[in-house]
Amino acid sequence: MAILSLVEVENLTCERAGRRVFRNLNFAVASGQVMTLEGANGAGKSSALRIIAGLLPQASGDVRLKMAAGYAVSDGDERARLTGWMGHTDGVKAQLTVEENALFFAALYGARINVAGVLDHVGLKRIAGIPSQYLSAGQRRRLGLARLILSNRPLWLLDEPLSSLDAAGRRLAAELIGEHCDDGGIAIVATHETLGLDAARFFLGPQ
Amino acid sequence: MAILSLVEVENLTCERAGRRVFRNLNFAVASGQVMTLEGANGAGKSSALRIIAGLLPQASGDVRLKMAAGYAVSDGDERARLTGWMGHTDGVKAQLTVEENALFFAALYGARINVAGVLDHVGLKRIAGIPSQYLSAGQRRRLGLARLILSNRPLWLLDEPLSSLDAAGRRLAAELIGEHCDDGGIAIVATHETLGLDAARFFLGPQ
Amino acid sequence: MMITALANPKRFLDLSRTVSPWTCALAVILLGIGFYWSLFATPPDYQQGQSVKIMFVHVPAAWMGIFIYSMMAGASLVGLVFRHPLADVAAKSAAPLGAAFTALALLTGSLWGRPMWGTYWQWGDARLVSELILLFIYLGYIALWNAIDDPVRAAKAAAVLALVGAADVPVIHFSVDWWNTLHQPASILRLGGPTIDKAFLVPLLIMIVGYTFLFLWLLLLRMQTEILERRARSLMMARGA
Amino acid sequence: MKAFVALLTRDIRLAFRAGGGASLAAAFFALVSSLVPFGVGADLVLLGRIAGGILWVSAALAALLSLDRLFQADFEDGSLDVLALSPLNLEAASAAKILAHWITTGLPLVLLSPVLGLLLNLPTRAYGALIASLAIGTPALSGVGAIGAALTLSVRRGGLILALIVLPLITPALIFGASAVLDAMEDTGRGAFLFLAAFSVAAVALSPFASAAGVRLNVGG
Amino acid sequence: MKAFVALLTRDIRLAFRAGGGASLAAAFFALVSSLVPFGVGADLVLLGRIAGGILWVSAALAALLSLDRLFQADFEDGSLDVLALSPLNLEAASAAKILAHWITTGLPLVLLSPVLGLLLNLPTRAYGALIASLAIGTPALSGVGAIGAALTLSVRRGGLILALIVLPLITPALIFGASAVLDAMEDTGRGAFLFLAAFSVAAVALSPFASAAGVRLNVGG
Ligand code: HEM
Ligand SMILES: Nc1ncnc2c1ncn2[C@@H]1O[C@H](COP(=O)(O)OP(=O)(O)OP(=O)(O)O)[C@@H](O)[C@H]1O
Ligand SMILES: Nc1ncnc2c1ncn2[C@@H]1O[C@H](COP(=O)(O)OP(=O)(O)OP(=O)(O)O)[C@@H](O)[C@H]1O
Ligand SMILES: [Mg+2]
Ligand SMILES: [Mg+2]
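Protein chains in written order, with the numbering used here: chain A, 1 to 207; chain B, 1 to 207; chain C, 1 to 241; chain D, 1 to 221; chain E, 1 to 221.
One should not assume that every hint holds.
Stated by the list, open to error - To give an idea of the chain C side of the interface with chain D (calculated C-beta under 7 angstroms), a few residues:
1. Leu13
2. Phe35
3. Ala143
What the hints assert, rightly or not - Dumping the calculated SDA-like pairs for lysine to any residue here, alpha-carbon to alpha-carbon at most 20 angstroms:
4. Lys2(D) - Glu100(B)
5. Lys2(D) - Lys125(B)
6. Lys53(C) - Ile33(C)
7. Lys125(B) - Leu103(B)
8. Lys198(C) - Leu30(C)
9. Lys10(C) - Arg19(A)
10. Lys2(D) - Arg112(B)
What the hints assert, rightly or not - Just the calculated beta-carbon pair ranges, DEER-fashion:
11. Arg19(B) - Ala198(E): 42 to 48 angstroms
12. Ala232(C) - Asn11(A): 46 to 52 angstroms
13. Ser154(D) - Trp178(C): 47 to 53 angstroms
14. Arg11(C) - Glu8(A): 57 to 63 angstroms
15. Met236(C) - Glu78(A): 35 to 41 angstroms
16. Ala232(C) - Ser74(B): 52 to 58 angstroms
17. Arg190(E) - Thr171(D): 58 to 64 angstroms
18. Phe16(E) - Ala116(A): 21 to 27 angstroms
19. Arg126(B) - Ala186(C): 58 to 64 angstroms
20. Gly70(B) - Met236(C): 51 to 57 angstroms
21. Pro123(D) - Leu107(C): 21 to 27 angstroms
22. Glu8(A) - Asn11(B): 26 to 32 angstroms
23. Pro170(C) - Leu44(D): 27 to 33 angstroms
Read the hints as simulated data drawn from the structure, not as lab findings.
Yeah, the Cβ is synthetic: ideal placement off N, Cα and C, and Gly gets one too.
Given the sequences, and given the hints that come with them, work out the whole structure.
Laid out in structure tokens, this is it:
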């Protein structure tokens, strides 16, 4: 995992389908910090995360990832390589078993982590062999958490990571985020719920 | 809205893809009551709701809806006609505008309610004209709430209705459920969060 | 100066409102002269008789079909690379015009083919077939614009499609040289100068210029409408923001 | 009834939104009809003989390519749950969807067939039979297609498997339809026509029930 | 490289899970090839002449019918986001997907073509050309198809529009491929072959870039 010292968002403006969603967003998150992104439905939390990840081009403004090694990354495609992502959907292939999905993620990220161990950690060991089509909403979300771990990226961008998770799952998610930041990672979490973590809060107001 | 006096679940057993999910479930919810269905991920909450709605056949056991008029409904297809549904997905057509979707729901249910008023109530009036493809997760969920209102059914079965909703949305959802039950309706809500309502709680244990 | 002036849709609107009446007038005059000259003031061809007059409709239409597509592909490239907003508008507005000219070329060509080749249509003739494909590429391009309702995304997708489809253009033009076709080889745009008789060449050139102005006029009109529609749309969307 | 009409118009509208609707279908038919001669060769007499077959195959293709719009899209976005719980029973809902599918893929072909016949050099005396056979037979394509689409609902993106299920079932319509046109060209009776009509009536009558059964099977998931 | 192989094998595996994979494709080709004689009539010599065309059209159909598996499924379940954020760049990911698509739809046809040629009464001396032309040309179908699929990603269920975009672009392959087989039958040179090869090389080389561009512009949504 490359080491990141700061995520800096400067004068970020977002337009979708020709509509301005938000403008002149400014914040910075340092290594080891969690930041929650809050705001009303439609305020642009998911859009902001997509922009930071490099999935969506911004209308104007900058996103810079300052690396511990000294240089800064601001190109979208390069940001993408530093991002661990958990969106509204989990990128799980219904026809593959839970384990096949996890093995694919591991191979894709070139992860050197033990896949069975990760599945155990997110509580999917018992059902590793069943087709993912049969997963309940929360089980699928847990597979998303497994992918996040396997991706081994310094910047985590999580879009409502707690949704569908049961109480134990929520604790697990919070724990994972906490550990990630303790290891020097950064997490930006869009959520309407409390994470149960010591986090900076950023409000996206209506425009 | 037909008037329901009791929902009765008796020895309900659920199997999915040949695997037993839960067995011998028993509970009853009376007119005016809210019941939350809780339990770990994969415990079978969504499955139980699908069975009660008549979408999924049970392995054994009975679901009976006792009507105020005296007779009882136990056939799945008939239960379906009494159910207001909010699942993980919202049944929103991406290519139609918010208003077109709502008008379709109204026509489908033969609702005699003012559609514009309902959209206003769930906070979608301002964006009634935009394609639903552009909705944020919470806005789509609000459209699901609008459908629920338009369906005008006595029994509400809601699967994690709060997910993706912002604070105001959560209040709105709780308010709607409360009003529905005050009008003599029944609501069964699968959720991992607290509704902020006076509700009976039922735990689905692991098998 | 020109580019920056045009980059602003509002300036473009002002400019095109002044220019478009002139293009219209030029189109009417040139086409009037061209039609009169070609229909009444040219001799019948010694081989083709009166049917040669179809040429004055066919050849300019065929050229416009190809020319407009090239322009569209160029505009698409500009739109993709430089994100010039008017480039997308121009490409989108040009497509139906190009499709219409291509259809006209196909129609007049096959009407001409009946007396000349004894058939309306010859499957397997490279020029005819590639021209038909060009029409379908136009239709696909238009359909793609219509199918995506986010104009930003639609513009990019359509631009990629226009560039990919551009491979057909040289095939159409060179098909007569590469394959043995019924259709005659280039007689005007060729190395070594035109081989066509002056009596036909001059009115034909007038028609071609006339067609071009007709196209420009219609293009400006369509671009104006498109810009206004986009404005209306963004007003509507802004209300929802 | 109001719910039926609502669903019907919604599905038609969706077909239009997914890129042009009827004009798209028209472009597609023109495209396929002009592509086939590439494969078959340029002989005009031959082309006229097989024009009926070509148009029938185009119809089958348009049906196949748009079948996944019939139920799959509704399945994935949760609309099928909504429909299953609506006052409309699933049989009526299926019927509305089949009708909408026919209006957006079959009907444009029927209307366009005279023009396409011209393009394919169809002999004049066969036009009546061409139009009539398409008008009678294309509803069967939508109906049988709907059954296949409903049965393969839970197979995500089962394009080929759907084709494999549906094609053999609609072959009779293709054969009878094409022969009906040939018969009219050569004055060899009306047998094919009758078979086509019988097949179509049976398929259309059966399909809402069979596809509702398929939907019911899958909607539990 | 490891990521490339992982994606490739995943996509092949998914094709198999969605109902049989290669054997499904094989069944589809057999089906189409046996349906055509119905439309065209049973003239064996004619059938032999158009065999190349028929197989080429079948290949195009199989490609069209399975195109939405290429990117759309991944788009809807969020996998495309995952891929866009993976160490693999989108060009490489597209290439892996195109290759997987070819392996599950093009390759089975190449392998099966001698048998299908037999079924369609192809003259003996044309077998080499048939196999070679399919082997050279079918990758172009997957490549161009991928471009169309990527561009129409955000059009839900755009089956017809996809066909309308892709078919004109692949017509050259159909024409050259079918003529290459005819040329071999009639000993009329190898021009078509060269054009087919040139077209295919260009299409295959261009397609990962064009489809990655298409994916990129849609993945923002
Ligand atoms: C459906 C049938 C036909 C089609 C689709 C067609 C298509 C075209 C196209 C695309 C061009 C422009 C090519 C270029 O310059 O790049 C063209 C030019 C021309 N066509 Fe046709 N054509 C058809 C029939 C005919 C017939 C029957 C004749 C007369 C015998 C004819 C005579 C010409 C001439 C003289 C030119 C100008 C050639 C030059 O100088 O480059 N065309 N046609
Ligand atoms: N479509 C399906 N086919 C087969 N099995 C399924 C299907 N959906 C869910 N299951 C299985 O049924 C069990 C219960 O799933 P269900 O979705 O009802 O759980 P849940 O209580 O709603 O969980 P969650 O809190 O995660 O939403 C799980 O073990 C799951 O694997
Ligand atoms: N794909 C899209 N195309 C166009 N506009 C979109 C798209 N997705 C979202 N929008 C619009 O952008 C705005 C912000 O959406 P976004 O999803 O970022 O909100 P959000 O803060 O995540 O909301 P929520 O809490 O509901 O998830 C909304 O007004 C929405 O209508
Ligand atoms: Mg969001
Ligand atoms: Mg659930």
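Results for each hint:
1. Leu13: This hint is violated: Leu13(C) lies away from chain D, its Cβ roughly 28 angstroms from the closest one there, beyond 7 angstroms.
2. Phe35: violated, 28 angstroms
3. Ala143: holds, 5 angstroms
4. Lys2(D) - Glu100(B): holds, 15 angstroms
5. Lys2(D) - Lys125(B): Roughly 25 angstroms between the alpha carbons, so the hint for Lys2(D) and Lys125(B) is violated.
6. Lys53(C) - Ile33(C): holds, 14 angstroms
7. Lys125(B) - Leu103(B): holds, 13 angstroms
8. Lys198(C) - Leu30(C): holds, 18 angstroms
9. Lys10(C) - Arg19(A): At roughly 19 angstroms apart (the allowed maximum being 20 angstroms), Arg19(A) and Lys10(C) satisfy the hint.
10. Lys2(D) - Arg112(B): holds, 12 angstroms
11. Arg19(B) - Ala198(E): 42 to 48 angstroms: Violated: the Cβ-Cβ distance is about 55 angstroms, outside 42 to 48 angstroms.
12. Ala232(C) - Asn11(A): 46 to 52 angstroms: violated, 29 angstroms
13. Ser154(D) - Trp178(C): 47 to 53 angstroms: holds, 50 angstroms
14. Arg11(C) - Glu8(A): 57 to 63 angstroms: violated, 36 angstroms
15. Met236(C) - Glu78(A): 35 to 41 angstroms: Once the Cβ atoms are compared, 37 angstroms apart, the range 35 to 41 angstroms for Glu78(A) and Met236(C) holds.
16. Ala232(C) - Ser74(B): 52 to 58 angstroms: Cβ of Ala232(C) to Cβ of Ser74(B): about 55 angstroms, so the range 52 to 58 angstroms holds.
17. Arg190(E) - Thr171(D): 58 to 64 angstroms: violated, 37 angstroms
18. Phe16(E) - Ala116(A): 21 to 27 angstroms: holds, 24 angstroms
19. Arg126(B) - Ala186(C): 58 to 64 angstroms: holds, 59 angstroms
20. Gly70(B) - Met236(C): 51 to 57 angstroms: Since the Cβ atoms of Gly70(B) and Met236(C) sit about 52 angstroms apart, the hinted range of 51 to 57 angstroms holds.
21. Pro123(D) - Leu107(C): 21 to 27 angstroms: holds, 22 angstroms
22. Glu8(A) - Asn11(B): 26 to 32 angstroms: violated, 60 angstroms
23. Pro170(C) - Leu44(D): 27 to 33 angstroms: holds, 29 angstroms
Comparing the model with each numbered hint stated earlier shows that hints 1, 2, 5, 11, 12, 14, 17, 22 do not hold.
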